[in-house]
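Chains as they are written, first to last, in my numbering: chain C, 1 to 228; chain L, 10001 to 11003.
Since the hints were derived computationally from the structure, they do not count as laboratory data.
Note that the coordinates shown come from a computational prediction; the quantities given were computed from them, not determined experimentally.
Glycine included, each C-beta is placed from N, C-alpha and C at the ideal position.
Treat the hints with care, as some may be off.
[Stated by the list, open to error] Residues on chain L that point at chain C, a partial pick, calculated with CB under 10 Å:
| # | residue |
| --- | --- |
| 1 | ASN10595 |
| 2 | MET10914 |
| 3 | GLY10915 |
| 4 | PRO10995 |
[Said to hold, decoys possible] Here are the simulated DMTMM-like cross-link-like pairs (lysine to aspartate or glutamate), alpha carbons at most 20 Å apart as the crow flies:
| # | chain 1 | residue 1 | chain 2 | residue 2 |
| --- | --- | --- | --- | --- |
| 5 | C | LYS3 | C | GLU19 |
| 6 | L | LYS10614 | L | GLU10903 |
| 7 | L | LYS10918 | L | GLU10903 |
| 8 | C | LYS68 | C | GLU17 |
| 9 | C | LYS35 | C | ASP214 |
| 10 | C | LYS139 | L | ASP10584 |
| 11 | C | LYS121 | L | ASP10584 |
| 12 | C | LYS126 | C | GLU140 |
| 13 | C | LYS68 | C | GLU140 |
| 14 | C | LYS81 | C | GLU125 |
| 15 | C | LYS139 | C | GLU70 |
| 16 | C | LYS139 | L | GLU10468 |
| 17 | C | LYS35 | C | ASP79 |
| 18 | L | LYS10599 | C | ASP79 |
| 19 | C | LYS64 | C | GLU24 |
| 20 | C | LYS81 | C | ASP164 |
| 21 | L | LYS10599 | C | GLU140 |
| 22 | C | LYS3 | C | GLU24 |
| 23 | C | LYS64 | C | ASP79 |
| 24 | L | LYS10918 | C | GLU133 |
| 25 | C | LYS3 | C | GLU70 |
| 26 | L | LYS10614 | L | GLU10355 |
| 27 | L | LYS10918 | C | ASP61 |
| 28 | C | LYS64 | L | GLU10997 |
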Amino acid sequence: MTKELIVEGKNVWKIYESEAGPVEALRGLEVRIHKGEMVAIMGPSGCGKTTFLNCFSGLDDLTKGTVKVEGVNIHAMNDNKKSAYRARRMGFVFQSYNLLPVLSAVENVELPLLVSGVAPKIAREKAMRWLEELGLKGKEPYRPLALSGGQQQRVTLARALVSDPAIVWADEPTGNLDAENSQQVMSLLRGLNQAHNQTFIVVTHDNEVARSCDRVLRMRDGNLIPPT
Amino acid sequence: MPRVRIGSALGLRGAGSFLSSPTGLLVLLLVAVLLFSLFLAWRDPLTFRIGIRNFVRGRRRTVVLLLGLLVGTAIISSSLVIGDTVASLSTHFAYIADGNVHEAVYATVNGSYAPLPYSFFQDMNTSLAKERYVQGVSPLFLSTGTLSGMDRTSGVPQTGMNLLGMDGNSSSALGEFTATNGTHLSGPRPGEVLLDPTAATDLDAVAGDHLQLSFGPFNRIDVTVLAVVQADARGGFQDNGEGNVFATLSDVGTLVGIPGVINYLAVTNTGGAQGGMAYTSTVLSEINSSLATTVAQFPSGSLPAGLAAHNILQSDVSSASSSASQLTTLFLVIGLFSIVSGSILVVGIFVLLSEERKGQMGVARAVGMTRRQLVKSYYFEGLAYSLGSAFLGTLLGVAVAYLLVDVMVNLVSLGSSTEAISQSFTVVPSSLLIAYCAGFLLTLLTMVITVSYVSRLNIVRAIRNLPEPPLNRRSYLRLALFGAIVLAIGLLLVREGLPTSMDISYVELGVSIALLGAAMVATAFVPRRFAFSGAAIGLVLFWGYLPIRTALFGSNHPGSIFVLFVEGIFLILAAILLYLFNADLVMRGISGLLNRNPKRVPVARVAFAYPYQKPFRTAMTLAIFAMVLFTIVAIASIGSGVNANLQEMVTSQSGGFTLAGYSETPIANLSGEVKNNSTLSSELSGVVSFYSAKGAVERNTSKGPESFGSQIAAAPVGVPAWENFYALNHYNFSSTWNHMSASAVWQSLETNSSVAVLSGDYSVSSDFSFGPSRNAVPIGSFLNITTPNANSRASVRVIGILSETLLSVILVNPSMMTGTLGTSSSALFLFTVAPGASVQSATYGLKLAFFPYNLQLVNFAQVLDSGIQFLLSFLDLLEAFVALGLLVGIAAIGILALRAVVERRSEVGMIRAMGFRKSQVLAAFLTEYSFLALLGIGIGIIFGLLLSYNLSQSVSGFISFSVPWTNLALVVGLSYGLTLIATGAPSYQASRFPPAEALRYSE
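Isolated chain L (complex conformation) (with noise of 0.2 Å):
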């Protein structure tokens, strides 16, 4: 179970900031809002004491009402705290990851600490210890995934692992170390280590055994492992899911050659770790300063160039923060279909009870109420409704984060992180206030709205339940001016996004309101039917047929996770108004089906007959059922398609090889030390070494110059079969220059020097958090490339582009790479294993034969299947939590339900009468409530079908397009099944109206 944590304020500072932030805001609204009512109950007393007897009087109505409206508030809630979760999660993995470093000093090389020499420390320690804020400097030696070592004891070897030294007796600013069975350690001690958890794990080691560390194939030591410890802000310290081991600086000193090598100094603030960072400014001037007198101690030369401070935890944990509200917002954008359908319902039950109420509010306009007094009598009402179901919605949105919450940590397999996910669940008052607020405002808004509409009635007609008249040529009239104006709005929209970089939301947005803007317009010269199907008839295509949007727009332009909002409400609408315009032809086509068994005639005639003529009714429940469904199936889908994908995806992203390898020193010969390992020999049957150099790349962008790091490679000709890339290798590309084929780029790629080939993650823009962002390389670009041992630079044409993401490599001409590059050795590796050997066992043994050169190999097969569970999981998640929008869809029903018991009883009476059994009653109720169900079901999987099956068309290669029959069988067997739930009890309380006394009931 997730534990429940309280955060621990608002989250604010003081009155003025308060009031200006979004929380102060929506507070104001809502004060303002009930400091208004209150006037208007002092001065009308009248209509306040009719809305809140309205609201009191019947319990049953009272609480199903409040139940119908707090859904909306409910995902508002929801979504808020699952980001205070997710944020108050990721700030958890920064606190342990940075450890107590609040701020850092140091200089980087390709990427790497640069060295710096320990007196270097003794100096900056010496000028921050008198700092009021400085707890302490610590002396570290950092090195993320250089190291590699083999448990003597069990014979594992492991590569890749962190290497952390430190001196026990200045690093106690950092904190303990606590080992598994829960001592305390102040560190390790020479000739011993410290593992966490994963390392300890890789090597299969404990405490006691021997360990052999090595640091490039000739500096190694050998050391005991004194303890496993926690994964904590002390041994989880720039944890990278690698191994971390502690090491003491001299031992250090010695693995890497350099004694008394540091190249990190962490500088730890008074407070602890969160209270700290409220210091991180002021320490940073501090270090600042004493480093410039540092500095300027030492002599030219002998400390590394960039040298400088850092913000460590505060940036991280703001960045994770950061994070956390993407997140956020990515649920509170897949909730608002289950917002708007909540609002949806909140629009219908205004609208049912008003129709309830008709006659009722006909004799209270005809003894003189005006409308104004009518309106305030329902908004005292909805007032009520709104306070409490606004504060009813926010609890339970609580109760379902948490039950997601515990959910995720119970049912996804998430390793290491369950615990901390347990342990992070999060509830910020500021959530709940803004969720309350806003909950309660959004019922309140939606609620005048519809009760000022339909309180415009005429009291003859509402005494006397008259149906309104049918629009007259004015009204028409109306409705194209209004269109109009829609339509102008929709093509401002367009003209003003499509030019610039807005998102194309917005402009598809335009385009749709402007098509709806039409059809108004036209229902001046065209019937209703033509005018609507017609708009909606485009909007189907225009939102479902691709390549129609990819015309009009291009497939670049800058878009959000909103477009999929937009895209989804549009096309239920459109799918709404096609039904409504052309309810005739439908209840046409089911009479002429029905008509074969008489026997059903009459059960139907009544059932379908309800939703024909009660248009609005049916618009609202296919609306609610449809968006809820739409997202639910679109995730589902997504996710299914994901999955299906994954094999086609390996292949793809493999190139027919198995593993990658990359060494941190060249291997000379590797394909000749594997040909006479007599088992690695026989379980691998496909070896490929790239001749490989980091190098650095400048283009010319239309931008201007831009210049960033790569890996270069070039794969060797002339070499046997099984080293033979170009043979070997079955990778896809993505694009080519001029349409070449991919047997003549990767022959141009052996013959011409001039020419290149990227892995597909260069085809878009990067950011990096070392170094300059990079924009993304279109084929046909030229690249100037220099490597390390470059003789000159090499200028290259961009020839093709892969498909494959996960190399990360400029591959070049081998000739040109041994020549103008000037680099003719091997750190890039790709391995294929034979058919039937393990891949864990080659693995293994690759590691056992280079672990001294570090060699690191990736099993592309189990990359790509951990991250696409990872992702599978998330959707899952999405899909339980989308699936909450289904209460509405039942409460909508269910209220429908209740309400027609009581308005067609004497109507079921009248049907009793005439012969109906009440079976056939209750057939009668279920079937028109199934009928709305399953055509709401079945627009929504349509649609969120289609929108998968356009996002697999869109970005192909990742997503293929898949139908999830078994979630698609559970989420209509679960809303279908809850349909009937919430319909039967009313329904079969209709068909045991006894005859006589239904007959002469009258609301």
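Extracted from the complex, chain C is given alone in its bound form (with noise of 0.2 Å):
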């Protein structure tokens, strides 16, 4: 059976203008990844995992290529039409967590289903069951700083989650977090990724993670390695 294409790169470059003069941070990739897949982008630092990642998702622009996330060329929406698919149909789980300090656990959580437009009561009680399903029962009104990082970590992947998005993608998820909570996250991870048949995206450093994941890319100087 062929698997269902999710994210299509074609000859995809990224180059950002510095004081030394212009940087390629993406050359010319050429990326396919399918539904259902928990795909891991390694590489060094400053190999462009992290341009990878926004460029993909649609948070950074392109300099040239196409990317098609689900078939549509993201980069030809307009920032609303990009900004509501992302709200719909993407999640994002980031290294720093960056919730809302002013928010509690849980609305953090809800915040994405606001956007989306679900009613504010449905919000809360999906949020909540998100929060019981990654072990915060009790959470939900402490505000992140209130909360250990695996904590907060696992608030992140909640509100990364809630909105049953098609793609999650987590950018050094692990990062900040010690073996433990770095292992528990990760099955978490594997687990969704089974039980909902969501794409996830995971840039990491971290071979523990990498081997959690269906498939490596790896990266180094703005392209991927080819597989040997």
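Please dock the two separately framed chains into a single complex, following the hints provided.
Dropping the structure here:
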């Protein structure tokens, strides 16, 4: 059976202007990721992993090339459509959690649903369910800074998954966690990936994380290293 | 445009007096702080370098912070410069009114100058001619408000003018007249007069016109107008707004019927008007010495009693400066709200700065920097900010004051004063010095206190950006202990102030801080929400519900304008406490409302979360906006209340009459003459002639007996209806004896010889420039009254006090007036103009018919209207002045917005990643600032109106409560509009962050 293509990048270039001159962060990438895959993007610092995530998720613009997500060229969308698409179909997990410090855990989790226009009551129920599923029952009213790093990352996961996205983009999701918490988070990601058939694209430099993924794409100097 | 004048000097003489003056002390303090700072920098160059580098890095931020910090100084500076200008203006008018008369010799009888023989002048002149500092002695005849006249050419009569007689040859020391066409004149010649512009306008006279002048009903002369002269120090001499007529002493002698009469010796010092004041005390002693010798040469009784030398110019200039100083105080008190707002902003700026650098501070402490060094590095940075902002603030204050004077000159109708105001804009260097030093020290002190507090950080929490833990039991106990001290201080203020004549502001301040102290103590036993909400409600009730304060302190405890400041501060503090400790309930309410519209929920969720979770910033912004709006709205509402009350005031003050008339000479049958005059009889529907006389009143007070002069009057009974005061008047009583009804009081006055009714001005104490001051006369008092023709003294009880204050009269029973007090002549009248008839025409007709009696007419509506219009113009000016405080609010919210752009960058990246559109990010930011600004504006408006309402209740009859809708709309529009402008650019910038870039950002 042919797997459904969910992310397809062709000749993707990203060039930044810097004081030292142009920096080629992505250099003609060709990428194909299928639905339900859990893919790790690995490589040394400065190889372009985060730029990959930003450009392929539509957070950043491309210099050249095309990126299709679910068959749609997201860079052809205007900003509002891109935002709406992200709200409906994508989830994000970052190393530094990026939770809103002034909102409680449950308010952070329900925010993507509210952005998508879900009724507040339903959004609250779903958010509570996800927090419970991720072992955070009782922590709902706490603000992020009152939670441990592992708990904050699980809130971030709940926020990424609450809107039932097709793709979850994770940038160093275990970067700030100790080994035990890292393992817990990756087990969660893997379990969710298998249970919901969602696509996970995980940027990491941690071999343990990469090992829990279906496939590893290795990058160097803005391009993918062909598999040996 | 106002002309700028720089004050001649620092206003100080010698280093010793400078150093002991307030200015000197402030400068000394400034120098001490700078020397101390240099010493610190020398001892610890590292912290100095860190502080200065922090100051210079980020040019844009430095500029924004300087702008935020300078507002307090600008308010101080503008208040002082306005004071300088008013002082200059007041002294300008004193110089004009006193001419070149530094000292004068005269005696007074019943408020008029007593006649002196011309030979007295000659002897005094001879005696003083040899004195070094006396430039000249001028013999004058001065009579204010007693001259009436008619221009035979224009046919226009005028009464109540000033008559000034002079000898052209002997008054050269007073200077020359300047005609309106620019020519110079030494004085009038026999048969000619000079008119100042007021008299010329009132008589519709020009040079060459023929005038008939009357001094009493039988003394008249015909003269020609030689010229109309400028109202400068010569032509405006003694001018009280009624118009000056200058004639020769020989013509004056003919007019008053005493040839060669003078009544005033004007002494002019050498050195010019201003310079000559330095010799006043020397010249006064020389005059006194000459006076003693001269008086001794005259036969006993040929000179009036009480003949003495008086300090004229120096004394008037000094009292003018004193009045100006009161006005400076008023501006400073009103400006205190903006100064406090500015100080809150300084605190806010340094708290934000330290929050921004929390991580750096933690690292600095971790690598070995002591807390003291941390404070020092901030101190040096703050020193640079304080020096710069105080300088810029002082200059901005001057510009603001200039702008206000310019607005006053161009927008407010001030008649003949416009030119004078325009030329009086004055900046005294010592004021700038005070403003700079005060602004600098205030900013630095606020900054040092703030930084000392925020530098007490936990190193780990600072580095990891962890939240501060909640207060523990020990903290609450400390708070309770501090509260107990505050409570004790509050109660002490109340205990010490209440039984004494201490300003009520301090007593009420005591109650307020006692409430706050009690709340702090209560936190040891009950949740903070209950403790502080209780205190807040207590403060609102205490300040907002007037009967509580009246019940506690009575309505006659002495107070000052400072009470308005205390009231404003505590009402706003109460509102903020109430909000902060119940913000969760407010948020729940808002969420409930917004959940009905799911589209708005995400934006609102983010927008309202920040003010709720950042209580310090919220309180700071609310306080600043509320204080500024409070003052603006209170002033606008008071002005609106005064204006709204105008018609009611005219009714209450006029008693239903249109004109009041006072004649210099009694008019025997005024109503009969009016009846026989076909024009007047059709124009007037009521004419009341009172029996009237100037009387002397004695009264026993708790402080001993006191006596004062007063006009005594009685309305006759048994007269036709259109002359019957008792039937015609609609006067209200402010109080009556034993709660008698108004009709019972009038009936008693008609029939009972032992009662009296007073006009409202007697219900308050009064200071007179001539004669002793008078205390307030309470209802039920006994008065002993005599008049020049009295057969015996009359004793009366005060059974009613009127609301009206313009007539200034004691009304007695008519039989007693004609009997015991021996007065049946009439010099006090009230007129009612018939419906549809012209008041102007009736006034003209009355003046024309009775100008020989010097019948002076007061149009109640016109007097009240012009007084109120001036007050309203002044209130407008105050409103514009306090509106400057809006700059603080705008700066505060602008700085918050700029800070938020930096602080929340990665958060903006995250919400953009999860699907927020750019417009939603912009809306979230603007909703947040709108909420803060509008809440602050709302608090300010509510309490500003409350203050105005309470004021209308406590001074009823003068102000009625009125909501100034137009001003409110303007102020809300302006404040909110400026808020959107100040926050719009940073919010837009935040909404435009590329998400990927924003997510990478960390401070």
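Hints, one by one, checked against the model:
no.: 1; hint: ASN10595; in the structure: holds, 5 Å
no.: 2; hint: MET10914; in the structure: holds, 5 Å
no.: 3; hint: GLY10915; in the structure: holds, 2 Å
no.: 4; hint: PRO10995; in the structure: holds, 4 Å
no.: 5; hint: LYS3/C to GLU19/C; in the structure: violated, 44 Å
no.: 6; hint: LYS10614/L to GLU10903/L; in the structure: holds, 13 Å
no.: 7; hint: LYS10918/L to GLU10903/L; in the structure: holds, 18 Å
no.: 8; hint: LYS68/C to GLU17/C; in the structure: violated, 25 Å
no.: 9; hint: LYS35/C to ASP214/C; in the structure: holds, 12 Å
no.: 10; hint: LYS139/C to ASP10584/L; in the structure: holds, 19 Å
no.: 11; hint: LYS121/C to ASP10584/L; in the structure: holds, 19 Å
no.: 12; hint: LYS126/C to GLU140/C; in the structure: holds, 12 Å
no.: 13; hint: LYS68/C to GLU140/C; in the structure: violated, 36 Å
no.: 14; hint: LYS81/C to GLU125/C; in the structure: violated, 27 Å
no.: 15; hint: LYS139/C to GLU70/C; in the structure: violated, 35 Å
no.: 16; hint: LYS139/C to GLU10468/L; in the structure: holds, 19 Å
no.: 17; hint: LYS35/C to ASP79/C; in the structure: violated, 25 Å
no.: 18; hint: LYS10599/L to ASP79/C; in the structure: holds, 18 Å
no.: 19; hint: LYS64/C to GLU24/C; in the structure: holds, 11 Å
no.: 20; hint: LYS81/C to ASP164/C; in the structure: holds, 18 Å
no.: 21; hint: LYS10599/L to GLU140/C; in the structure: violated, 23 Å
no.: 22; hint: LYS3/C to GLU24/C; in the structure: violated, 32 Å
no.: 23; hint: LYS64/C to ASP79/C; in the structure: holds, 18 Å
no.: 24; hint: LYS10918/L to GLU133/C; in the structure: violated, 32 Å
no.: 25; hint: LYS3/C to GLU70/C; in the structure: holds, 12 Å
no.: 26; hint: LYS10614/L to GLU10355/L; in the structure: holds, 12 Å
no.: 27; hint: LYS10918/L to ASP61/C; in the structure: holds, 15 Å
no.: 28; hint: LYS64/C to GLU10997/L; in the structure: holds, 19 Å
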